[in-house]
Each structure stands twice: as structure tokens, then as C-alpha cells.
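Enquirer: Chain order of the listed sequences is A, B and C.
Okay, so the first sequence: first residue is 5 according to the numbering used here, each after it adds one.
Okay, so the second sequence: first residue is 739 according to the numbering used here, each after it adds one.
Okay, so the third sequence: first residue is 798 according to the numbering used here, each after it adds one.
Hints in this document: simulated from the structure, not taken from any laboratory.
By construction, the Cβ of each residue, glycine as well, lies at the ideal position given by its N, Cα and C atoms.
There's no promise every hint is true.
[Claimed, not checked] With a straight-line Cα cutoff of 20 angstroms, these simulated DMTMM-like cross-link-like pairs (lysine to aspartate or glutamate) come out: (1) B:K1084 - B:D1073; (2) B:K783 - B:D1073; (3) A:K297 - B:D857; (4) B:K856 - A:E290; (5) C:K1005 - C:E937; (6) C:K889 - C:D864; (7) A:K120 - B:D842; (8) B:K856 - A:E293; (9) A:K120 - B:D1155; (10) C:K1005 - C:D1022; (11) B:K856 - A:D300; (12) B:K1174 - C:D979; (13) C:K876 - C:D979; (14) C:K889 - A:D197; (15) B:K845 - A:E127; (16) B:K1174 - C:D1022; (17) B:K1174 - B:D1070; (18) C:K888 - A:E196; (19) A:K149 - A:E22; (20) A:K120 - B:D1070; (21) C:K876 - C:E838; (22) C:K888 - A:D197; (23) B:K841 - A:E127.
[Claimed, not checked] Which chain A residues stay away from chain B? Per the calculated CB distances, all over 12 angstroms, these: (24) W70; (25) V78; (26) D97; (27) A105.
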Amino acid sequence: MDWGFIFERTFSTMIGPEVVIYALAALGLNIHFGYTGLLNFGHVAFMAAGAYGLGVSVYYFHWNFWIGLGMAMVYSIVLALILGIPTLRLRADYLGLVTIAASETIRITVRSRVMKPITGGAEGISEFSKPFYDLSPFDLGKFYKFGPFRYLGRDLWVLVVGWTLLILLTLMVQQVMRAPWGRALRAIREDEDAARSLGKNAYAFKIQSLLFGGAIGAVAGVVQVVQKGSIQADGFNPVITFTIWMILIIGGPARPWSPIAGSMIYWSLIIFVENVLRQLSPQTRETLESTIKLSDINIGQMRYIFVGLGLLLLARYRPQGIFGSREEMALDDR
Amino acid sequence: MNLADRPQTINKIFVFALIGLFLGLFGVSRVSADDADLGISGQLKYKSSTGETVFVSGATVSVDGLESVTTDEKGSFRIPVPGPGEYRISLDTASLPDTVSLKDATKNFLNVNLSTDKDQVVIFSLQDGSAAVASESRFALRRVVQLSVEGIKFGLYLALASVGLSLIFGTTGLVNFAHAELVTFGNLMGFFFNYYGLAGAIGFLAPLPAPLGSGSNLIVAAALTMIAGGILGYGLNRFIFRPARRSGVSLLAQMVMTIGGSILLRYIFLYFFTGGTRAYRSYSAQRANEFLGIYLTPKDIASMIVCVVILLVIGFGLKRTRSGRAMRAVSDNRDLSESSGIDVEKVISQVWTTGAALASLAGIFFGLDAVTWESGFRVLLFVFASVTLGGLGTAFGALFGALIVGLVINLSTLFIDVELKNMMALLVLVVVLMFKPQGLFGRKERIG
Amino acid sequence: MIANYSPTPGVSKNNPALVVKSVSKSFGGLKAVDVQHLEIESGVITALIGPNGAGKTTFFNLLTAFDSIDSGSIQLFGKDIAGVASHNLAKKGMVRTFQLTKALSKMTVIDNLKLGALRQSGENFFKSLFTPIWSSQEREIESRADALLDRFNLSHMRDEFAGTMSGGQRKLLEMARALMTDPQILMLDEPMAGVNPALTQSLLGHVKSLRDEGRTVIFVEHNMDVVRDISDWVVVMAEGAIIAEGTPDHIRSNQVVIDAYLGVHHDRELSHDV
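Build the full structure now, drawing on both the sequences and the hints.
Expert: Here it is as C-alpha cells:
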């Protein structure tokens, strides 16, 4: 058992790229669900919109990277409008249905043969991120080590930019929610009729919420594909959406800093457990394999089983997560 | 006698059934375990012009310097290799049937590197290159009729899966996002019962005659699967959602619970069943016969007939039997039904049980084409579209919605690529929600 | 003086706040509301009463745009409002409360009140990003809110979640919050429903003070004591139509009204033949 390795991996993960990406995504979902009560079960679609907004612009239209970033925002806006306009006048469940449908449809469509010239089909897009890395002050191929943390220069650059974005956007969310805009949103979340009787256009607020949260989701998607260096349709699957949900609920919905907290907790825990499992002695591993089928491949699946079970239990017993308050919870009995 | 009065017995039965189910899942996983030696394996299959998965049997696959094998009736092959290292595996394109060809003709071989002590799976991408279809015009009547029949078949299966979802919503207000996993459950359990019988996974019982051991006829397996599905549905309501309702957990939270449940179930299925595609023991590779210009396998026809019969029985049950009418009443107006003396909790329990049993049955029907861990998830969007089109909360609405969705989806391939079928489901959803959100048969108050 | 109007259904008023003409609403073949002509005088308290199923709630929802009319016209202070969305009515001077109180329990009392203010620049997403743009308006809103809390004796609950309040306190909260919109006309949906007698007196006092401030009040109510106590004018509905209008005294002795409540043949002896 190489505990040094395990702890290095765990600490590096705690402030690493996955945490940043998922915290950004959860920040967007927090606006949708935490602050507005919108049931967005397809958040990964916004990440895909951001990623492909960038990718398609570079790969198909041959525009430059920076315009691609702008297009990432445009794609997410369009998606939010397509999803929101038909459903936001209706019950919450309908948005849930439509968002699940949309995220899977986008994934399948984008990876299809038909779309290959535009989106790269199943192989995806891979030559687009150079302009970003050219700006890096770090040596991309070198390993940087400080304390228990160890990163490749390339990843370090992503982290610097990513964390900056994450913190700025979190502060922005905090600001907006403290303002009357956020107050109106919370009222609509609890009781739309009451809000309307006081002059608030519930529909307009919900659309704005969907747009704002979606745009942040798109930022998460962009950071993800820039870090990976490639855009692949199957990387935007539903399990990601529900991992984000779990992260949001762990931290506690409707609190500005809980996406970051939830993301750090989730990823540290998962990486820690997975690394411990992988480092068990061969005998233990064999026993585990023959009894509960825990092979190397299945360790990865356990992560998803954990997400499903975690979501179920959290929603049932502690929907306010760690930092939320029960009285404020949109999930509590209305 | 009210079932709720006998919690002890019910608990015991449920726990026993649950143990049995898990043992079953273990058993299923054993099917894939080959011998300890190393090999390269794969499965030859492709999507036909109508979107169905077809296995290619009788094709020759070989590894340089080693033996060659022919694919079995499920299109599967496996070539043992002496040890880790690099090998070149190739497909003899001349051995493919006339109606099939490689997507990329230059990719008839693959270089494979075995370094771990596990089999390496390879994929040869095939496509439907049938001469008959290529020479046929896109909108030929034959094709339209073929697609319509396939659409109705798909719609019939969807109908079985959708009724339960619609009624669960109607009676409890909950959209059960995990409903598709009940379909997968049926899909996989059918496989288990088909191959192992009721208790065949418990080694020493295997030699017993069917249906206890050594596998059973698909019909029997289907019946057992429906019972298992019903038990699962009953358990979900009794032990998870009813206590949640009693504790005042809001509908929003319950919906998140169903989402969590769907992920949990899906990945448990993947964990035990692994990612491959399998087929039921009987009825798997059938040749399509021509009926009046349409290609249908005997199982297609049989399953459609059986499905129609079952749906008629369901329709009759909903209209004529007391429980059926109670289900519709509660689904339509819960408070009114309650004040009329209907035991709403009992109705909810029945809805979950029968809804899950029907979804499991749908899973068996889908399993006639393929048995996979994501068989339910693949049809999730179509089930949602059906239920929304028909009207959330209406039983008959769900049935009609499903048939229409099945037809529309299949006929849409006349105009758009087969791979984009899912987009049609989303389109149906969006269009319905924009113009008639309560669906064809739903009531307007359910929406705002 | 309101008492000078002739007690006939549809009688014109000098200074009507609301004018309703030929408004109808049907639900699947059943006509729930069919009001030919109704004028509500401004600056007075008008009660809307009628037996169960008379269509009062539906009519109320039509007036407040929480439901849409099938035909006809509604004018608020001379301006047509049919088709105006419910959230825009507050800006036109109309606010409503709900029978099942909608105190936002997951927000504090002071936030509930601050929510009620109209035309808040901070409610614009982009403006909300910069505190200086909306902070002085927010301070003004907060002082108005505190004044209202004082008036309704709720100041001690200022920073509590509304969910911790008793039912009666929530009623007061809802009324105070409605006043934050500085309405010309208040539509109260069964304001005394489920309220204990002591609190009822307090609420009645507040409603009267609203009128004394010059605002118009319309309320739906079943409690006849309340109706007699504070209404200046009473409108009676039955089977979707206005069957009577008048002062409380007029209505009390109006045979048409009595028949509607008790059933047409209530005073006849039961017999086999007609």
C-alpha cells in the first residue's frame, strides 16, 4: 500500500481539473435548481453546447479560438431558449423530461455519421486548444511539484485559469443572489402565484435563470474540453449530469460556495477510495473479484453506483446537503 | 384482508425475493466467463435500414498464424491466443452474406496488442449493404409499409412500458424517471430465467428440470420475469416511496430520488451483466420471411400478436374490473376518489406492481432483438414522448401515444438518417409541450 | 354616498374602479361565470358573496388575471385589462391575496415585505450585478417595509422565517406585503378564512384603514358577520351571474338573495303535487 501515492493523488485531485470543471457545472445547476427550483436533468447538454460551440467554430467554420469561446456562449443561450420557452410555463416535471431528452439527443446527434463533417462524429474534434496553451507561463510538458501536489505544466495552466474563473463566477452568483433579482427568484421558486401577484414576471425570471446557469455550464464544458484537448460526444453522457446533481446536493443547494465544497468532497472521496481499492493486495483483490465481482473495470462502475445511491439517499434524508438549511430547502415539503 | 395488516409476512417475502434476485444477477454474470486462457473475441452485427440490430453468423474471422473461426448464430467469435503480444486479426469479407458489407472496405483487419491477462475485444464496423434496398427508391410503398409495421411493433412494446409510468404519475404525482430501468430489469431477468431457470444460479440446483434449473422456455421465463418485475415495483413503492410520502418528502425530492434510483439500477445492471449484447436462448437468430412484400421474422409476428392481446387484456382490465376503474379514478382525481371511499394507497400499490410488471414484459419484447444493460435506457426518450403525447396520468392516452410515437419515429427514417431517430422523440416532446401540454387525452389543470 | 345607488344588479357607479361587461367563462361546456354588467365603486369596501358553486372564485380569478376570460371586457380605472398578464396588474394598481395564505415561508418576514415593492431596479439581472445602482432604492424599500411591519405589529418577527409564523400572523404578513405595492385596489380572497375571532377584529380594523386611506377593497367572503361589519356595498352571485347588489341592509332582506342561499322552494311545504 503506497499511502504516499494515494495521498498525493487525493490532494492533487482536491484542487485539480475535475474539481474545477464539476464545480463550475454545479454552480450553473445551483442557479437552476438551488435558487430557482428548475428541474434540469440534462445539465451536461449545456456543457456540450459550450464545448461544441467552441469546437464547431474552429473545426468546421475555421474561426479562431477566441471567437469560438464567444460562440460557446451563443450555443448555450440558444439551447436554454429551446428548452425553456416551451416548458417554463408548465410544471417543473416537464422541464425535467425535456432536459433529459435534449441531453441524450444532443449526444447521439452530435456523434452520428451525418454530423461528422461538422462535429467530428464519434471521433470528435481535437485540434483546437493550442491558442490557449500558447499563453501558458508554465512549461507544458514539465511536472511541477509543491508539497503533496503534483501537476503537469499544462494542467497547472488550466487550473490557474479555471480556478480564477470559478471564483469570479461564484462571486458573481453571490452578488446577484443578494440583490433583488435573487430575491424575486427565490420567491418564484417557492410560490409562483404569490410572486406574480406582487408584479414579478415569473416566466421571464425563469428564462433568465436558465440562461445564466446554462452559460456557466457552458464555461464548464469549455474548460473540460480544453483540459482534455479533445471534444468527444460520449464525454457528455447522463452520468455526468447526475454526478453534478450529487455534488450540488452534497454541498447544499442555494448556497454560493457549496458547488466548490461539494466538488472537492466528492472527488477527493472517490479518488481516495478508488486508489485504495486498486492498491489492495492481490489476494484480497482476488477474493473480492470472485465474491462480488470487483475487477479493475468494475471499480470504475462503483463510482456510478455510488452516485445513484448517494443521490437517492441524500434526496430522501438530507436534501439540504452539508451547508444548506432545512427551512430554506426547495426540496422540503411545500 | 389488507396486505398492509401483515407487514411481517410481506417483509419476509420481499427480502427473500430480493436475495433471489441478487443471486440471479450473480448467475447472469457467469455466462460471460470464458476459460482462463487468453483470446481475442468480438461480435459481428450491424443496424439494418430499419434500425434493428442484426447478428451476422457464418462469417470467417482469423488471426495470422493461428486458426480461423466462424461466427456463431449470435455473430460472436473467439480465437484463443498463446499469450500476450501483438496479433493481426482479419475478417474474410468474402464470407459475409450478400446483404452485409464493411463500412470501410480497407478496414478488414486490426492490429491487436494483448498485454493484460484479459481477452481483447475487437470491433468490425458493418453496415446494411443489401442490394435490394439500394436499388429501391426511398419512398417506395414497400418501404413505407415495412416501416409502418415496424413502427407499430415498436409502439406496441412502448405501450407496455408507458402505461405504468403514466399511471404512477396520475396516482401519485411522481414522474418515475427510473421507469426505463424496470424495462431493463425485465430484459435481463428474462435472459436469466431463460438460461438458468428460477434457481439455476445456485449451482447445485442447476440439474433440476425447468423451470427450477437449467433454463426454461422463453414463455415461462417471461411469466417469471413479470412476477419478478411486479415484486420489484411493489417493493419500490412499499419500502422507498410510500415511507417517503408519509414523511412529507416533497415531489421534487422524490423525483430526484427516482433519478438516483435509475443511475443506481443502471450501473448495478452494468456491473453484473457487463457491457456486451446477448440474446435469448430461443428465438434469437431467425430469418425474415416475406409476407406481402414485408420482411418479418416469425418472432416479430408472434410478439406483435401477443402484445396486442395483452394490451386488450389491460384495456379490459382498466375499463371493467374494479381495480382497473379505481386506478383510473385515482389517476384522474385523487381527492374525489378518496372521498368516494377508494383506498388510495392500495391503488397506488397496485399501480406500481402492475406498471413494473408490464415494463418488465416490455423488456422481454425488446430483448427479442437484444439483451443489454442499457436496453431500457435506450427507449427512455421514446417512453417519455409517448406518455407526454398521450397525456401524463391517462392510461389509454399512454397506449395511443405510444403507437403514434412508434409510427412517427419509424416513418421519420424515410426522411432523416436512422441515427437521428432520437431527435424525433425530442421533437415530439417539444411540439406537444408547446401546443398541447396536457397531451391528447390529459386534463388542462395538470399543467400550470 | 354609496347608499344612494339603486340596489339593482349592474347599476352604474360614479367613479368606478372596475367595470365588467359581458364577461363569461366556461369549463368544458359548463358556464361558470356569466356577468353582464358590474361596476365597482372606488374608495369603498365591496363584498362579493354567494352560495357555494356560485362562481365567485372563478370570477375573482378572472378579475385578477389568474384565469382568462372567454369573452367580454374588464376595465381597471378606465383602461382595458383583459389579456393583461397577472404580473402586470400590480403595476396598474391591483394586488390580490390568496385564500390559502401564500406567505413565503422559506424567506424571512422582512424579505417577504421587500419582495412586494414594485419597479425595483435591482430586479434587472444586469443592474443587480452592481450594488450601487440599486442600494439606495433598497434602503428606501427597507424603511417602508419596517414601517408596515410596525403598523401590523410584526416588527418582532422581522428576521424570522415566515414559516415559523402562526396562521394569523401570516394573514397579516400577506396584507402588509400587498401594501408594499402601494395598490389602488386590493382584491382579498376570503381574508378571514380560518382566522380566530380576536384576530378577525384586528384584520377588520386594518381593512377599514385601507379604505380610509382612499384605496378600493373587494373581498370574497362567506362570513356574514364580517360582511355586515365592514362592507359598504355587497354584490351577490349565484350560478355564475350577479343576482343582487346593494348595501348590507338591502341584501339582508332581499328575497332573491335569500332564495339563492336557501333554495327556491325553502319556504314551501313539502307535498307530492306542485
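Enquirer: Against this structure, judge whether each hint is valid.
Expert: Structure-based check of all given hints:
1. For a cut-off of 20 angstroms, the pair hint linking B:K1084 to B:D1073 stands: about 15 angstroms separates their Cα positions.
2. Of the supplied pair hints, the one linking B:K783 and B:D1073 is violated, its CA atoms being roughly 52 angstroms apart against a limit of 20 angstroms.
3. Of the supplied pair hints, the one linking A:K297 and B:D857 holds, its CA atoms being roughly 17 angstroms apart against a limit of 20 angstroms.
4. Between B:K856 and A:E290 the alpha-carbon distance is near 14 angstroms, which keeps this suggested pair within the 20 angstroms criterion.
5. About 26 angstroms separates the Cα atoms of C:K1005 and C:E937, which puts this hinted pair outside 20 angstroms; it is violated.
6. Taken as a hint, the C:K889 and C:D864 pair is honoured in the structure, with Cα atoms around 17 angstroms apart against an allowance of 20 angstroms.
7. With a C-alpha separation of about 15 angstroms, the suggested pair A:K120 and B:D842 falls inside the 20 angstroms cut-off, and the hint holds.
8. In summary, the hint linking B:K856 to A:E293 is supported, as the alpha carbons are separated by about 14 angstroms, within the 20 angstroms threshold.
9. Taking the CA atoms of A:K120 and B:D1155, the gap is near 13 angstroms; set against the 20 angstroms cutoff, the hint holds.
10. Restraint check for C:K1005 and C:D1022: the C-alpha separation of about 15 angstroms stays at or below 20 angstroms, so the hint holds.
11. Taken as a hint, the B:K856 and A:D300 pair is honoured in the structure, with Cα atoms around 11 angstroms apart against an allowance of 20 angstroms.
12. Distance check on the hinted pair: B:K1174 and C:D979 sit about 38 angstroms apart at the alpha-carbon level, beyond 20 angstroms; violated.
13. Of the supplied pair hints, the one linking C:K876 and C:D979 holds, its CA atoms being roughly 19 angstroms apart against a limit of 20 angstroms.
14. Restraint check for C:K889 and A:D197: the C-alpha separation of about 17 angstroms stays at or below 20 angstroms, so the hint holds.
15. At roughly 16 angstroms between alpha-carbon atoms, B:K845 and A:E127 fall within 20 angstroms of each other, so this suggested pair holds.
16. For the hint pairing B:K1174 with C:D1022, the CA-to-CA distance comes to about 45 angstroms; that exceeds 20 angstroms, so the pair is violated.
17. For the given pair, B:K1174 sits about 18 angstroms from B:D1070 by alpha-carbon distance, which is consistent with the 20 angstroms threshold.
18. Taken as a hint, the C:K888 and A:E196 pair is honoured in the structure, with Cα atoms around 17 angstroms apart against an allowance of 20 angstroms.
19. Our distance criterion of 20 angstroms between C-alpha atoms is met by A:K149 and A:E22, whose separation comes to about 18 angstroms.
20. Taken as a hint, the A:K120 and B:D1070 pair is broken in the structure, with Cα atoms around 47 angstroms apart against an allowance of 20 angstroms.
21. Restraint check: the Cα-Cα separation between C:K876 and C:E838 comes to about 15 angstroms, which is no more than 20 angstroms; the hinted pair holds.
22. At most 20 angstroms may separate the alpha-carbon atoms for a hinted pair to count; C:K888 and A:D197 meet this at roughly 16 angstroms.
23. Taken as a hint, the B:K841 and A:E127 pair is honoured in the structure, with Cα atoms around 15 angstroms apart against an allowance of 20 angstroms.
24. Against the 12 angstroms criterion, A:W70 stays outside the reach of chain B, whose nearest CB is about 31 angstroms from its own CB.
25. Remark: the non-interface label on A:V78 is consistent with the geometry, its nearest Cβ contact in chain B lying 20 angstroms away (cut-off 12 angstroms).
26. Not every C-beta of chain B lies more than 12 angstroms from that of A:D97, the closest at about 4 angstroms, which undercuts listing it as non-interface.
27. The beta carbon of A:A105 sits about 5 angstroms from the closest Cβ of chain B, which is not more than 12 angstroms, so the claim that it is off the interface is violated.
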